[in-house]
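K.L.:
These protein sequences, in sequence, are chains A and B.
Here the numbering used here = 1-based position in the first sequence + 8.
Here the numbering used here = 1-based position in the second sequence + 8.
None of the hints are false.
Remember, identical chains collapse to one label, so a pair may be satisfied in a single copy or spanning two.
Derived BS3-like pairs (lysine-lysine); straight-line CA-CA distance at most 30 Å: (1) LYS446 with LYS348; (2) LYS397 with LYS348; (3) LYS348 with LYS326; (4) LYS348 with LYS166.
FYI, nobody ran anything at the bench for these hints, they're computed from the structure.
Note that the structure is a prediction, hence the values are computed from the model and not measured.
Number of protein chains: 2
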Amino acid sequence: MTSTTLSIVSELAEIVGPANVLTDPDVTAGYVTDWTGHWSGHTEAVVRPGSTAEVSAVLTACHRHGLRVVPQGGNTGLVGGSIPMDGEIVLSTRRLTTIERVDVVDRTLAAGAGVIVAQAQEAARQHGLDLGVDLASRDSATLGGIVSTNAGGIRMIKNGNTRRQLLGIEAVLSDGRVVTRWKELVKDNVGYDLPGLLAGAEGTLAVITRVLMRLVIPAPRTQVSLVAVTTVSDALQLVDRLERAGLTLEAAELMTRPGIDLVRRHHDLRAPLDVDSPFLLLAEVSGQRDTQALLLDVLEQAGESVLDAAVEEGPAPKLWRYRESHTESISAESSTPPVKLDLSTPLREVEQFLTTLTPALAENFPDVRAICFGHVGDGNLHVNLLDVKETERERVTDFVLRHVTQHGGSISAEHGVGRAKAPWLALGRSPEDINLMKSIRAAIDPAGLLNPHILPIR
Amino acid sequence: MTSTTLSIVSELAEIVGPANVLTDPDVTAGYVTDWTGHWSGHTEAVVRPGSTAEVSAVLTACHRHGLRVVPQGGNTGLVGGSIPMDGEIVLSTRRLTTIERVDVVDRTLAAGAGVIVAQAQEAARQHGLDLGVDLASRDSATLGGIVSTNAGGIRMIKNGNTRRQLLGIEAVLSDGRVVTRWKELVKDNVGYDLPGLLAGAEGTLAVITRVLMRLVIPAPRTQVSLVAVTTVSDALQLVDRLERAGLTLEAAELMTRPGIDLVRRHHDLRAPLDVDSPFLLLAEVSGQRDTQALLLDVLEQAGESVLDAAVEEGPAPKLWRYRESHTESISAESSTPPVKLDLSTPLREVEQFLTTLTPALAENFPDVRAICFGHVGDGNLHVNLLDVKETERERVTDFVLRHVTQHGGSISAEHGVGRAKAPWLALGRSPEDINLMKSIRAAIDPAGLLNPHILPIR
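Let the hints inform the model, and build the full structure from the sequences given.
P.N.:
Structure below.
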């Protein structure tokens, strides 16, 4: 350790207690590598404050020493946004675990940023409500983490993104100043949307310490349908029909034939339907007393565009397994760690994007296989590239990100920029837009100390 | 005119053409006073650019001369936010009227900021879609205006606020730089939420020139119910029951007995229901095939909390007249221009706020009458104060804003800060929060030239 490090470690220990400053590499290992194993860095200290005041004192001390800090929640991100790549101090929010209050009239949950998503969901459910966000990492991801990354997930089509669930926020700026906006109001048009700005900022503007989340009513009478279709357009038209019939769309997931075949090989699942179709749509709906009958009628009325369909009543229907087993099957199948790209395109471009991607990849990367699935209601596609050689990772990533940009899409639909997409920021944003973002960052964190590798200002 | 003014007027005329620089006070009169007549200022020039490039050239010229600029859309705001109170140049966006495109697959509308809300709604409806925002000023308000003020309105309970409808934006900064973020994506997690930051900034950060709005499916099978209840709590519980039954809530408006009596006096309407109740709830729902039957069942099951109810099928049901006639009746009734305050409280505080307001006012302002109504699903209350003497306006405003703050509420739910609420900003925001907003403004508009009286930085 350098003398600066020694000095800061003892200073931090005075603030949070020696037990909450981790320096032993064996102990900090879990904080410097992400769960995919792809993003790995190093740190000389992980500090775990237990309150907003401690977070403030920690950041004040780091600011005085000019030390860079990477905030970290559940460390479940997929883009390396919470990893200390260059020896930054890690500020873990995992001790901010207080669920302060669930209000059933205003439908809000007030909690520390370190509360695990599944625990927040459980607290809401005990009061007949639910969090508006759900995602696969629910048992590890924190509320602060999903807010910082503006997480998406399968319920976004109904409830909107995490930013939209955020009513109030408490956060600490890089110099230790605590900023609070906290009114339990859905309508409050006084000044700039500070919570919305901090949501999705990936820890570059502030460390979020407390959040006030909007809660939602659990979906009544959910029904899941798995539908075989020939084209993405058919799938999107069916989604439109469901909505126009008055059904509430809870999820609309797209799968492809190669994806289903892969899942069946690895999970010993039988064919979900009697026909083999290029695409499968998993549509979950909810609604009034005649939801099931209405769903069946809409499927019937869709005519020949529906090749075959299965319907199952919720909660926890088995049809979801075809969709949920994708990630695991892909990891098991690929000879190398899969390259996972989270992209979106306009809905009208989804089909064209998908059908041109495979031949384009085959031409340029003959050994690489692509398995795509996603939240088609949002135009959000998870492109998984299998059997990519280590030396080819960056080149194939670049290739796909340029492909999606050509289709008017985004290089990151719901995972954020992190380290993974930072080199391609210019594909997603115009130079003026990037300059404006840097101006905002420079105004709030002039030294660029917080998560410095995302949108660096110097 | 001063020589600076003469010079800038001729410079602006070169950019937009002489016909689009208005200097005659008879002609500019409509731009320097708001429609309520309460907010009035003066200007030496109204400039009406016809494209983003012209807006950029205009702002570049004003920036060079250090001239302050007030952007203005339909001038329908209620808080004086678009009025040149101190002789600022008025930049009117009303010539940016191109509806570029409606996309039915992605459900988006691309348009100039000067497009009137009703025209945008009509364009969407021609394609079987609708704008997610509706408000009383629809025939005059512009898209740029509702975005700049993050307008609310009666559909917010279903669709969210205007910020949520905004997918992309083009805007010009105070120095003429054009910033564009424009992807037709609901999911695009690349960097800070620039559209969300400019929405609700009331023209203090940039002049919005083009917007990309999300469209929604028109509500199927709307049913309106007018329900007599004894307490706000009964009204809120009924709203909860409707939602839990699977009905989609399109609007939930609260009226009071004095408000209904006033409306009936001025509009010759018969009593809407057979009982006289302290509160009336107007709930509009939509949904599946059994919407009407389900609505009736829910009203039945609510038991004694529903004193009486009327149900009518949409669209354009007559029951809405009781709610929509409030504004006009209030203006007709009051001996002085009514003080109109747009407030919100947490839902659990609505009842307490309302029941304590009347005696508190009576004690301090014996001649003043209050008529309250609002979007109760959002906790949004429009407090109208009648017979307020000119000399008492500020004091009674201060009184009510402090009252709502004591109940955890907001001094502006959906109208914004403008000139009207600027003196009370500290009731709505903490000092650290205000400082942070000023830092952001200073980073984007360092000289504070755009709409300088809202959130002044110097």
